[in-house]
Structure formats: structure tokens, C-alpha cells
Amino acid sequence: MNTEALHILLADDDDDDRLFFKDAINELKVKTKVTLVNDGAQLMDYLNNVEVKVPNVIFLDLNMPIKGGMQCLNEIRSNSKFNEISIAIYSTSASDEDIEETFVKGANIYIKKPNEFAELKRVLSSVISLNWQYYTSGLNKQNFMFSI
Amino acid sequence: MTLKNILKFKFPAILLSVSLIVAIFLLFFSVSVSYRQYKAVIETEKWVVHSHKVTIELQNLISILKDAETGQRGYLLTRDTAFLQPYNGSFDKALTVFINLKKLTINNTTQKQNLDTLQYLIDKRLKILANVLLQNMDDTLLQQNIKTLLVNGKIKMDDIRLKTSQMEVIEAKLLQKREANYQKEITTSPLSYLVTSIISLIIFICAYYKIYKDIRHLKQANNQLLINKRLFEHSEHLSNICNWCWNLEANHLTFSNNIHHMLRCTQKDFEQTVDGFIKFVHPDDKHIITDGAKNVLSEFETSTVYYRVIRKDGELCYFTSSSKLIKDNYNKQIRIGVITDITQQHNNNKILEEKLFDLERSNKELSAFNHVASHDLREPLRKIQTFISRLKENEFESLTDTGKDYFLRTQAAANRMQLLITDLLAFSRANKADRAFELTDLNILLENSQQELSQIIEQKEAKIIANKLPIMYVIPFQIQQLFTNLLSNALKYGKENEPIMIKIIVDYNCDKNAVKQKYTTDNKFCKISISDNGIGFEQEQAEAIFTLFNRLHSDKEYSGTGIGLTICKKIVENHKGFITAEGFPNIGGTFNIYLPA
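These protein sequences, in sequence, are chains A and B.
Going by numbering that gives the first Met the number 0, the letters in the first sequence line up with residues 0 to 147, in that order.
Going by numbering that gives the first Met the number 0, the letters in the second sequence line up with residues 0 to 596, in that order.
Just so you know, these hints were derived from the structure itself, not from any lab.
Be aware that one or more of the hints could be misleading.
[Unchecked claim] Think about it this way: if two alpha-carbon atoms lie no more than 16 angstroms apart in a straight line, the pair counts; the simulated EDC-like pairs of lysine to aspartate or glutamate are:
{"id": "1", "chain 1": "A", "residue 1": "K120", "chain 2": "A", "residue 2": "D12"}
{"id": "2", "chain 1": "B", "residue 1": "K382", "chain 2": "A", "residue 2": "D22"}
{"id": "3", "chain 1": "A", "residue 1": "K111", "chain 2": "B", "residue 2": "E364"}
{"id": "4", "chain 1": "B", "residue 1": "K92", "chain 2": "B", "residue 2": "D66"}
{"id": "5", "chain 1": "B", "residue 1": "K382", "chain 2": "A", "residue 2": "D12"}
Turn these sequences into a full structure, and let the hints steer you where they fit.
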């Protein structure tokens, strides 16, 4: 496991979801650094800021104003600078089209937002403890849709 | 073959001509034969007369000689010169008769020879007579000499008689022969004439009968043609079409009468030419007709054009013309075509297009609604549920008992709402048009469903026994959902005190008639029955359970949304099949899925 604090970034326009996410991460006994952004535009601004070190994992909501998650995914995966970033899609819907499209575009994992807080904690805990080195995009579609 | 059949037999035209030629030939033959025979009869008659004439002349000759002899004898006895009268003329008379005889026997060599002999004998006889008279006048002549002369004369006379009788016999024989010939001609000629006449008459009668029958046929055909024409005109009028016929060599174009009705004009207003028709065509479409008329068609090729016309009454109409090239019996190229008024069809299409547009729009609205349901409704609900779970985790114990009760009821309501939204989404997905049929092993789909439900199956200790399912063209995720829904239905409505037993039986070749389903055109079905030993239901409810939101039990007894079986029905219908239910209260229920085999 990485001895350095895992840098996690969440891009979600929903206030409540950001709150749940932050609370859940904080309740986990893992050393993490969490950054929250409100939409895709902010995410891209953050990433393109030269002084900032890129996060290890980005949790990306698909349905966001100004710039959607799908567009962000496109931009991140077309820039070799962000090759090291793992992307977890974090969305309310789990439609086949969205899953298919994000998989093809290079997301690493797809998480459907859980209905219960305890479940959210479980999901985040397992995703964070994943050995990302072996969990690279395009290797296994079966594991792409995350289930506990 | 009976006579009737012979008459019924249809002569080819060539046979009729041949038999007529034969009949005419026979007629000519019989006429010529009878003419020839008539000539022969005339000839025979002539010869009969000839023979008689010869005989008469010969007898005449004899009688002249007799007269001369008799006269001479009378003179010798009486010395009266009056007795010499017949004798005096006898030379000339005999000569005249002889000339006649010569003329008559000119063609008969035998008779001619006989006649020459006779001439010689008669000469001699007449000379003897003259000698006797000379001697007698002399008076010096001896009685003995006269006697010798008379005896000589008698001998000569006998010779003459012999010769003439010979000649008469010959003539009689000739006559006999000619009479026989004549008889023959007379008896054979009418018979042959009759036979040929009868034969030609029969042929003429046959030919007449044939022509009569042909004419009758022709009349009937004409009548049928007239009826057909009327029918054709009537149907043209009813279906708003007309036909045209264009003789390309003669450049002669004719339209059927209904063109006047279609253009709402009179016969006078419409000139039967290409230009006459183009006058009615919409100005922007005139080129379609002129180009089409120039277009050279090969045989068997049909060309179709669409254009607008403006009728005499000013109404705009939509026409279509289909034409092709044919060859008539005289090998002349003729272009034929049919004009159809498709205005009604065009208008209907327009209405349909508008309706389709409306439908597409409402479909879009529906899918927008689906989107609202799936995302925008689920999002706040998910948050409510998350907040509830957080409250329950941290604050639940601080609530009063009533508060706790309300709180749990709120959570149950939220959970139920989530269930409803999920099911509704599944239902709308089952309605979606973009479905891909794939050759799928249904066993794998069933296994996936069991996997999906494994937790409940384990929890309820249910047993599922399944036949081997077929490999078919289906929409995989829908059939899997169908199995999941039916299995979870069976699992849900199990009896409390009895382990759940689910049986899946397959009938690969189920006849449509066996199930009396009238809404489908397929005949062979693959029937998959899923039976359980659960609480079952009344058979009267068998139809109702497939209706949306229809539930047989209250939420308290069994939770559910009333959408699951509706989805099942929808999925089976998507596969052009149908689903039926059989229920026995407290014994169990069976769902029969019929998929076209």
C-alpha cells in the first residue's frame, strides 16, 4: 500500500453528494487527501493548473452542468500527462449505454451511487484499497461495473 | 369418336381451307367428268345414227339394183320400154348412194375395202345389165347368150347381196359395240357424278357448319368482350384509373373513357394526343411527361412516373403512370400504360406522416419522461434514503416510540418508491424499440437469473428443476428479465410451511391450435412452462395479473409493484409470442411462455 496519503478528487455538482462523500471518506480509517470540485469545468481547471500535483483517483459524476463527466473523461484520457490518474465513474444512473461508453472511453471503474450511507462507506473503502496498478483500463470489462 | 366429338373438334384454319379446296376440286372434277361423258354420249349417238345410215344406204343400193333388174326383166318379157324406166335412172341413183356410202365409211378401212369390192361388183352387174339390153335389142343375140348373161347377172347379184350383208353385219357389230358403250356411259356417268357431288356437298355442309359454329363462337366471344369492356370501364371508374394505348408506328394514341372522369372534362375538352394530355399536367411537372414519352423502353421494362395534374374544375390531383412496351399480333410496337389517380392515397399518406410525426414527438416526450424518472426522481429519492440511513444510524435511539414508528414507516415508503421507479424503468426499457435479436442459449439466461436471485433462493431453500432449454433468436437481456421476474414471482408467493419447488418444462413443438391463440400468425411454438407449488390464484384472475399495477394481494401480505408480470407479457409480445397463466388456489400456479419456434 502507498505510504503517501492517497489523493482523491470528487467532481460532483450536488451539494449533498459531496457532503456524503466527504463524511464517508472521513469515517474510513485511511490516510487520504480529498479535493472537491463542483463541476467539470472546475475539474479541468484544477488538473491543468501546473502547480498542483495530479490526484491518484478521480471520482467523476456524469451528469454535471457546464461540463459533463463524459466530456471530462474524454479530455483527461486524451492528455498523456494524466495517464497515471485512475478514474472512477460515480453516477446515479447505471444505464447500459453509460457503462458501455465510459468503459470504451477509458474509465477504470463504474460505481452506482448507493442508497444507504453504510453501503457508501463500504464501496469507498473497497475502491480505495484496490490495487490500482493491476486494475487498469481495458483489461477486464467484467470487473468494470463495481459490485460488492 | 362420336359425330358430336368430330363436330366439336376445332379445325385449324388451314384444314378448313384445304377441305374447301378439295371440295372445289371435286366439283370441278365432277363437272368435267359429266361434260366429257355428255360428249361421249353425243359421239356414241352419232355413231349409232351413222351405222343405221350405212345400213339404210346399203339396202337402198340393193333396192336400186333390184329395181333395175326387175325393170329389165319386165322389159325382156314384154318388150315394153315402160319397164325400163327404173333401170334408166339406176346408174345415177346407184352413184349417188355410193358417194353417200363413201362419205360415211371414210374413216373405216375395212368397210372402205368392202365398198371398193362392192363398187367393182356393182359396176360389173350394171355392165351385165347393159349388155343384156344391148343383145336383146339386136335380136340377133342368141337365147343362149342371154341366158349366160342372166346367170352371170344373178351370180354378180348374189355376190353383191353377200357383200352388202357382210357390210351390214360389220355395221351391226359396230352398232352393237357402240350401243354397249353408250349403255355403259349412260349407267356409269350419273353414278360417278352423284358420288363426287355428294362428297363435295358433305364437305360444303361440314364447312358451313364449321363456319356457322365459328361465327357463333365469335358472337359469344364478342358478347363476352363487350361485357368485359363494360366491367373494365366500371372498375376503372370505381378505382379512378384509366389506360392508354400508343401505336408508335402510326403515332396513334388513345385513352380509355375514364380519362374524362378523372380530369372532370368532356370528350370535347380532351384531345387524344400527348400534347392534349400535357395540357392538364401541372406546369412544373410537364417535363416529366415529355421526358417519359421520349424515353425509349425496352421490352419487359416498366416505367413509372409521378406527377400532378390540374383538373378541368381546377382541383390539384396526384397521378401516377406506369407504362411498358408490347408487340401486337402484327408485330407492331405498342406502348401501353395505366394512369392512376393517387390523390386519396397521397392525402392519406400525408395524414399518416403527420400522425407519425406526432407519434415520434410523443415518443420523444415519453423517453424524456423516462429520463426524468430514471435520473431526476431517483436522485432526490436516493438522498432521502441516504439521509434516513444516516439518521437511523446516529439519531434513531433518541426518538420517542411514536417517532421511531413514523421513522420506520418513512423508510418503508421511500424503499417502496425506489422499487416502483426501478420497475417502471424496467417496463419502459421493455417497450424500447431498439432491440437486437441474438441467437442465445436460454439455459445460460436462466442460470444468470438464478444467479441474480441466488440470495433469496438460498434463504427460502427453494428448489428449481429445469428441462434443457432451447437455443433461440431472442433479446437476451429481456428473456433473462422474464425468467428473473417469473422466478422471483414464484419465490415470493411460496407457501410458508412448504419448501418452494419450481419446475421448468419445455415443449419444443407446440401447436398453435392446441392453445387456441388467434392473435398470431405463427403456427409452431416453443412452450416453456414455469410452475410452482405456491399459494396460486383463482383462474378468473389469470388474465388480470398481467395488467399494469394490478395486484392480487395487499402490500402487507406480499410486497410488490404490480409491474413485474406486465413486463413479462410485454417481453413475450416483443418476441411475437404470448404468455398465459393457470392458477389453483393453495396448489400453485403455472406460467406458460409461447415463443415462435
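task = Below or equal to 16 angstroms on CA atoms is what counts here, so check K92 of chain B against D66 of chain B.
result = Since the Cα atoms of K92 of chain B and D66 of chain B sit roughly 11 angstroms apart, the hinted pair holds (cutoff 16 angstroms).
query = Has the given pair, K120 of chain A with D12 of chain A, been kept, meaning a C-alpha gap of at most 16 angstroms?
reply = Judged against 16 angstroms, a Cα distance of about 20 angstroms means the pair is violated.
message = Hinted pair, alpha-carbon criterion (16 angstroms max): K111 of chain A, E364 of chain B. Please report holds or violated.
response = violated, 26 angstroms
request  = For the pair we were handed, K382 of chain B and D12 of chain A, check the Cα-Cα distance against 16 angstroms.
outcome  = holds, 14 angstroms
query = Are K382 of chain B and D22 of chain A close enough, with their CA atoms no more than 16 angstroms apart?
reply = This hinted pair holds, its Cα atoms lying about 14 angstroms apart.
In this structure, the hints that do not hold are numbers 1, 3, in rising order.
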